[in-house]
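Engineer: As you go down the protein sequences, you meet chains B and P in turn. First residue of the first sequence? That's 1 in our numbering, and the numbers climb one at a time after it. First residue of the second sequence? That's 1 in our numbering, and the numbers climb one at a time after it.
Calculated directly from the structure, the hints in this document are not laboratory data. For clarity, every value in this text was computed on a predicted model and none was experimentally measured. From the three backbone atoms N, C-alpha and C, an ideal C-beta is built for every residue, glycine too. Warning: the hint list may mix true and false statements.
Selected chain B positions facing chain P (in silico; Cβ < 8 Å) [unchecked claim]:
| hint | residue |
| --- | --- |
| 1 | Val145 |
| 2 | Trp152 |
| 3 | Asn175 |
| 4 | Ala212 |
| 5 | Arg214 |
Protein chains: 2
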Amino acid sequence: MPCAIGIDIGGTFLKAGLVTASGELQHFLQLPTEAEQGPDSVIARLAEAVEALSARAPEPVVGIGIGCAGHVDAAGQRVSYPPNFPGWTVVPLVDRLRERLLFAGPILLDNDANAAARGEAAFGAGRGLKHFLLITLGTGVGGAVVLDGKVWRGLSGGAGEFGHTTIHYRGPRCNCGARGCIEAYVGEAYLKRQVRPLLRRHPESALFPLLASRRKIRIHDLLEAARSGDALAQQILTRAGRRLGYALVNVVHLLDIRTVLIGGGASHAGEWILEPVREALLERLMPPFREGIELRLAALGNRAGVLGAAQLVFEQTG
Amino acid sequence: MPCAIGIDIGGTFLKAGLVTASGELQHFLQLPTEAEQGPDSVIARLAEAVEALSARAPEPVVGIGIGCAGHVDAAGQRVSYPPNFPGWTVVPLVDRLRERLLFAGPILLDNDANAAARGEAAFGAGRGLKHFLLITLGTGVGGAVVLDGKVWRGLSGGAGEFGHTTIHYRGPRCNCGARGCIEAYVGEAYLKRQVRPLLRRHPESALFPLLASRRKIRIHDLLEAARSGDALAQQILTRAGRRLGYALVNVVHLLDIRTVLIGGGASHAGEWILEPVREALLERLMPPFREGIELRLAALGNRAGVLGAAQLVFEQTG
Chain B
1 MPCAIGIDIG GTFLKAGLVT ASGELQHFLQ LPTEAEQGPD SVIARLAEAV EALSARAPEP
61 VVGIGIGCAG HVDAAGQRVS YPPNFPGWTV VPLVDRLRER LLFAGPILLD NDANAAARGE
121 AAFGAGRGLK HFLLITLGTG VGGAVVLDGK VWRGLSGGAG EFGHTTIHYR GPRCNCGARG
181 CIEAYVGEAY LKRQVRPLLR RHPESALFPL LASRRKIRIH DLLEAARSGD ALAQQILTRA
241 GRRLGYALVN VVHLLDIRTV LIGGGASHAG EWILEPVREA LLERLMPPFR EGIELRLAAL
301 GNRAGVLGAA QLVFEQTG
Chain P
1 MPCAIGIDIG GTFLKAGLVT ASGELQHFLQ LPTEAEQGPD SVIARLAEAV EALSARAPEP
61 VVGIGIGCAG HVDAAGQRVS YPPNFPGWTV VPLVDRLRER LLFAGPILLD NDANAAARGE
121 AAFGAGRGLK HFLLITLGTG VGGAVVLDGK VWRGLSGGAG EFGHTTIHYR GPRCNCGARG
181 CIEAYVGEAY LKRQVRPLLR RHPESALFPL LASRRKIRIH DLLEAARSGD ALAQQILTRA
241 GRRLGYALVN VVHLLDIRTV LIGGGASHAG EWILEPVREA LLERLMPPFR EGIELRLAAL
301 GNRAGVLGAA QLVFEQTG
């Protein structure tokens, strides 16, 4: 069976895998990205991973697919200013990788959230769905729009920036420069700023010590506290879920799509946020849009990007 | 040359025309809708208009296209709860019209904003554009999304509800039941409520007498006052434009489309609002999305719906 190599370049980890056309992940590697060492260093380690996986492939790989954080151009050649990649500007990732490889086949590049959506559509929770929105909850909030079974990339390949849709035009400042983006409310990078005023008023909460700590607050912290009955943590997760719901109303009204897949590192908070998301949706959607609203947790976990990057190859090589 | 009949059913006027496949409007009728008399009465007058136009066609018409306010189902058969149509619930418009006509050809139905977008795409300001958003400014705020040259209708035909995307989740109550919809800020039905607090503080403004008047404030009033130098009117239009810009940022970030057509009865305020819309967009869009942003006034005026409804026929009959 034909195999492709799928690569997922995130802010924290670089993942690569040998994937069959039916979505079987035969080998999987995970390394720290160490983006701060610059694109050359990352691409050199990427090339090593590709060589290692190729050597284990039972037959020649048909192509290499890459999902990378940041804005990928429409031609799928360059990545621009990936967030949390210090010092990266515009990197011609495909050319740079090809220079280091003895590989003449296709090397294809897309945004990491688009890759994850393609993976979920082909092998995961999006199988059989015509249209869906994938959102990824983590340090930031990513998104990908799938219409008629295909990732919608838009004019320049940048579509899907759900995290930077606003729910309050005078809301908190987002790292993108705008205000009130949903990422600025529920992204882990913003959680401490968001919950600090609440924490000050709740010394009884299990979360209170985090106020004085220098480390950032993660969804995982909220989840642990909520599970052990901490009222404040439950309240914070509920509020985050409702706000996510308000942002989703905009997408449903604009595109009339009814299924939302929730993935990313923070999606394990699903048990606490899915219900408030649903409540906010049903409260705010116009009646014809309420029917068939479905929230699903993404199914492929941290392998979605690798599987989807490989699927990018299978889609193009037929 | 083949002809179709295009019909546009709005809250105020019912328009119908005989249209050639090249977009020439050969005959045009406009009647008051009188929706409050109920669907039967409207459909009876619609049937008369169709007969009158058919009689003047040089050859048999190939089909009848209808754009109607409200939610049109995916199959293009029924319209549900059109706003400003008192007493209308779910109306099987296509079947009801067919019963009254001796016409065996196709009768096709879509939402009115979708019809206008189809008209602009085929014969107006959207010609040659791959992707665009049409927004219509009037009593409410309508919208239609054109992707790859086609109106995107979504799962149940309801896509394009730009007017009911929120820019402030705790903002003013909208007639749809949600909060902070862009329609609740800039729709004419909401203007008086929006500007009342400002008017009270500006007795020097030419708009001040409207505060005590029972009639609603129209964009046209603001426009006239702004043109004669009224600072408050200029400020209100600028503010409306900026808010429209914030709502458009969400669409650009989500879909990566860069062209917005502005139509509807209030689009003649373009000279005053286009600049603040553009400013808000360039201020809030992430850098890769700023390039190529274009705002255009729609070109077909109040004939867009009729032309687009006819185009619905030409698209389907080949």
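Engineer: Minimum Cβ distance from asparagine 175(B) to chain P below 8 Å?
Structural biologist: violated (10 Å)
Engineer: Hey, does the arginine 214(B) contact hint survive, CB to chain P under 8 Å?
Structural biologist: violated (29 Å)
Engineer: Should the interface hint for alanine 212(B) be scored as holding, given a Cβ-Cβ cut-off of 8 Å against chain P?
Structural biologist: violated (31 Å)
Engineer: Taking 8 Å as the limit, does the beta-carbon of valine 145(B) come near enough to a beta-carbon in chain P?
Structural biologist: Check passed: Cβ of valine 145(B) comes within 7 Å of chain P, closer than 8 Å.
Engineer: Using the nearest Cβ pair, does tryptophan 152(B) come within less than 8 Å of chain P?
Structural biologist: holds (7 Å)
Taken one by one, the earlier hints fail for this structure at numbers 3, 4 and 5, listed in ascending order.
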